[in-house]
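Asks: Sequence:
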Amino acid sequence: MGAGAIGVFLGLHAAAGGAKVTLVGRRSLVDARDELRARRLDGVELGPPEDLEVSDDPGALAGADVVLVTVKSRDTAAVGERLAAILPERAAVVSFQNGLGNLHRLGRSLGPRVVAGMVSFNVVREGALYRQATTGPLIAGRGDPTRARLLGKLARSFAAAGLGLDLRGDVDDVVAGKLLLNLSNGVGAATGLPIAATLRSSDARWCFSQCIREGLPALRRAGYSPRNIIGMPPGVIAWALRLPDFVVMRVARRMIDIDPKARSSTLQDLDAGKPTEIGELNGAIADLARAHGLRAAANQTIATIIRELEGAPRPL
5 MGAGAIGVFL GLHAAAGGAK VTLVGRRSLV DARDELRARR LDGVELGPPE DLEVSDDPGA
65 LAGADVVLVT VKSRDTAAVG ERLAAILPER AAVVSFQNGL GNLHRLGRSL GPRVVAGMVS
125 FNVVREGALY RQATTGPLIA GRGDPTRARL LGKLARSFAA AGLGLDLRGD VDDVVAGKLL
185 LNLSNGVGAA TGLPIAATLR SSDARWCFSQ CIREGLPALR RAGYSPRNII GMPPGVIAWA
245 LRLPDFVVMR VARRMIDIDP KARSSTLQDL DAGKPTEIGE LNGAIADLAR AHGLRAAANQ
305 TIATIIRELE GAPRPL
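Residues 5 to 320, numbered by our numbering, are exactly what the sequence shown covers, in order.
What the hints contain is simulated information worked out from the structure, not anything from laboratory work.
Treat the hints with care, as some may be off.
Claimed, not checked - For lysine-lysine, the following DSSO-like pairs were computed, each having C-alpha atoms within a straight-line distance of at most 30 Å: (1) Lys157 <-> Lys265; (2) Lys278 <-> Lys265; (3) Lys278 <-> Lys76; (4) Lys278 <-> Lys157; (5) Lys76 <-> Lys24; (6) Lys157 <-> Lys24.
Go ahead and model the full structure; you've got the sequences and the hints to work with.
Replies: Laid out in structure tokens, this is it:
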């Protein structure tokens with residue numbers, strides 16, 4: 005549901021692994037159905053199987069066993085209400101979205117059907133090609149026994165197509181760990197730098213580091229224990245980002261592959277003239293810190309800059 009870059013990439017992998025898949029997105033997606041492609045970093049490219057359905061009507065998901073929600077945060081509440089009216093009680097709804105708030109928004113309508121998920125890699129859309137641009141795990145919660153059985157079937161479909169889905173019991177803390185990594189989105193968007201160039205900039209890295217250092221205590225005060233996502237605990241990442249350039253780049257190359265042209269989703273939204281999700285990222289950390297009597301000046305500054313850039317003319 006909300007088949008943008010992540011949704012199409014995941015949907016094509018599930019379909020290639022034998023799952024019966026329906027993608028729900030814009031009319032342009034329906035028109036491009038036969039040209040859709042997903043390409044992983046290992047070079048494997050998948051196209052649409054004959055039974056892939058693509059629709060611009062959420063009603064096409066009626067009766068589905070599993071729904072992957074990848075819509076922007078501003079649409080989450082409405083999507084939850086629509087899905088609640090058409091899905092069976094046994095269904096599993098996985099929120100593969102940014103931030104912490106979407107799970108609760110969906111839960112208000114869907115209750116125990118909702119499970120948290122986390123996509124740690126970046127996907128770039130190039131026409132009808134949806135290309136993976138960074139490495140990282142794909143994780144979802146197990147949910148109750150009913151949901152766990154359904155998600156186990158989904159994981160097997162992904163595995164058959166060469167994509168791993170790790171089902172975990174600590175997924176809320178995994179999502180919190182991903183939120184800390186996603187604080188780089190605002191930094192990259194504020195500077196206009198691609199992801200790899202952000203890591204090469206000592207000033208951008210310092211800002212990212214400070215955002216993590218502010219986010220960790222705020223999340224812990226809120227009851228989260230942010231997990232290690234890319235092989236290094238968040239606190240160590242914040243420390244390592246302040247090391248000399250050559251050390252950072254050597255460590256980064258060992259931990260994650262990054263396409264030199266890959267840009268954060270926040271920067272992509274700005275360049276496309278769309279509203280960003282900064283309120284679910286740096287803005288959320290600033291709000292959480294304030295609610296627990298802490299300061300998060302770097303995150304607040306980044307959120308303010310991005311909000312000022314939203315709607316502003318972009319360079320050609």
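Asks: Which of the numbered hints above does this structure break?
Replies: Hints 1 and 4 not satisfied by this model.
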